[in-house]
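Chemist: Kindly generate the complete structure, drawing on both the sequences and the hints.
Going line by line, the protein sequences match chains E and R. Heads up: the first sequence at position 231 corresponds to 231 in our numbering, and the numbers run straight through without jumps. Heads up: the second sequence at position 210 corresponds to 210 in our numbering, and the numbers run straight through without jumps.
Hints listed in this document are in silico derivations from the structure and should not be mistaken for laboratory results. All of these numbers come straight from a predicted model, not from anything done at the bench. There may be inaccurate statements among the hints.
[Claimed, not checked] Looking from chain R toward chain E, a few residues come up when the C-beta cut is under 8 Å (computed):
1) Ala11
2) Arg14
3) Gly18
4) Thr23
Glycine residues also receive a C-beta, built at the ideal position from the N, C-alpha and C atoms.
In case you want the letters, here they are:
Number of protein chains: 2
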Amino acid sequence: MRLVTLDEIRAARRRIAGGAVRTPLLPCPWADDGRPLWLKPESLQPTGAFKIRGATNAVSRLAAAGSAAGVVTDSSGNHAQAVAYAARRYRLPAVIVMPDVAPDVKVVATRALGAEVILVPPADRKTASAAVADGRGYAYIPPYDHPDVIAGQGTAGLEIADDMVELGLDLDTVLVPVSGGGLISGIATAIKTLRPQVKVIGVEPELAADAQESLRRGELVAWEPARTYRTVADGLRMTLSPLTWAHVSAYVDDIVTVSEDEILEAVRVLATRARLVAEPSGAVTTAAYLFHPDALPAGRHHVAMVSGGNVDPGLLARVLTA
Amino acid sequence: MRLVTLDEIRAARRRIAGGAVRTPLLPCPWADDGRPLWLKPESLQPTGAFKIRGATNAVSRLAAAGSAAGVVTDSSGNHAQAVAYAARRYRLPAVIVMPDVAPDVKVVATRALGAEVILVPPADRKTASAAVADGRGYAYIPPYDHPDVIAGQGTAGLEIADDMVELGLDLDTVLVPVSGGGLISGIATAIKTLRPQVKVIGVEPELAADAQESLRRGELVAWEPARTYRTVADGLRMTLSPLTWAHVSAYVDDIVTVSEDEILEAVRVLATRARLVAEPSGAVTTAAYLFHPDALPAGRHHVAMVSGGNVDPGLLARVLTA
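Modeler: Next comes the structure, spelled out in structure tokens:
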């Protein structure tokens, strides 16, 4: 299977400039002595998650080619708003197919970005989005299973590599949340091509550790949704695709897991010490740093990807007063 | 009175590189139609506030000159941790004089940055810090009343001007919180020198509106601490000095005020829509954007400085569930 290249990630960076925020690395004076930590706050992207990178790259290519009358995806998560936001930037119509059980707030937020939202029973999502693609000539933008999406997410890794030079950082370990694997595929490609000595470590909830099982068995393993849906990290319930598995197995050094309690404590630490509103899925890497140093490689200097910040305000309030 | 120059701010930028974070401008898709808003999140600085810029510039100059055996300041706020952090970077000993009524968490956080904390009755702060300066040969770093501090804070304005070019932004209005005036003095100097057409607007709580009264009367007016201490924006209770007043009267277009309720609502909006933990003092500019468009200049494109994020977790939780 053909893997995404560094050149494709560099081209993606040129396309997304001005569409996605060039996020800084944030030093953490509250980190453990002798184990410096930097955060990469993708929660600060305009729709609150890294997904805007891949969506913007994919939509930009379609807009430049003039090959699609619009774009369509099926998602009730961060990818939905990312596609809507990117489509508006390139003045392409966007249809987002959502399960009719999606929270109203997500529907409203996606419509506010100018997208048409079609609500269908969960089981009909794939057929409904395929019908829009066929019927209207819209291009389908998958949440992770596409080279343009992976290349877009990889721009975050390119920025980390650039910051290592600019700030004179001697990084050892980059921690990345894993769900469908788009983010870690892109980041690992960028980091391992430019800085092969840096370890790229995936982080999953214990309750959705299918990528860890895949990496350890050496073959792609999928867990049933009924199993992964138990975790509070609602952005980390997907499973790798053959394409992301090919990148993960080629580039990722290891995948570690964190518990539900550790995830919520990391949400609290990020809010109170780093002043970042992180969603549980975005906090798993900080949880791994804080609670599982022994499971991580021996290197001292860590980066934790804070992949998103779309947390329920009530949950955040409960975590802050626990 | 001699004003800080653009060259001094540019020199400060070179000094603080790697010490302060180069914060991005964050676009806000949730902003009002036709009134685009960008946030400058100084809450993401390592000690949670813009103060690190001025402190790092001042300490860097002292370290380069070799003229001081250490540094001392009196503060229980964001300036205290900024001086401690900067001193550690330049391996200078730091003494922070705090009132003995300061919350224990601030004492602990400042000591964790390697500073010596001396607790004295509030009325003795000035004499205690002067005694350390005289007795140990330490340089006193004031929170705002110094050209090096103003030049350091001005680097945030230089970054905004750079981002206007880099991102192709046609900004109209920059909103800056006002307390002692160090931040707005530096930012206004940078912006008005490079982009005189951009309006620089100060924002104060109604309960601490001494700078607004000064600007409207054309002379420096001070309010009694007993009066300004009523606001929840605990970082905005200071009064301008003759030096900052000289910059404000030369460069600032207007100063507007916000209510206590508006400040807390802006804290909520920043957490839920921009995924930023802001302290009340850091949220006043967003409050002005949200609730007082008629008091602002006619231009459409706004930047709001989010000056800090050191909010009490209990207050943040209450705001999130209100």
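Chemist: Find the hints from earlier in the document that the structure breaks and name them by number, from lowest to highest.
Modeler: 1 and 2
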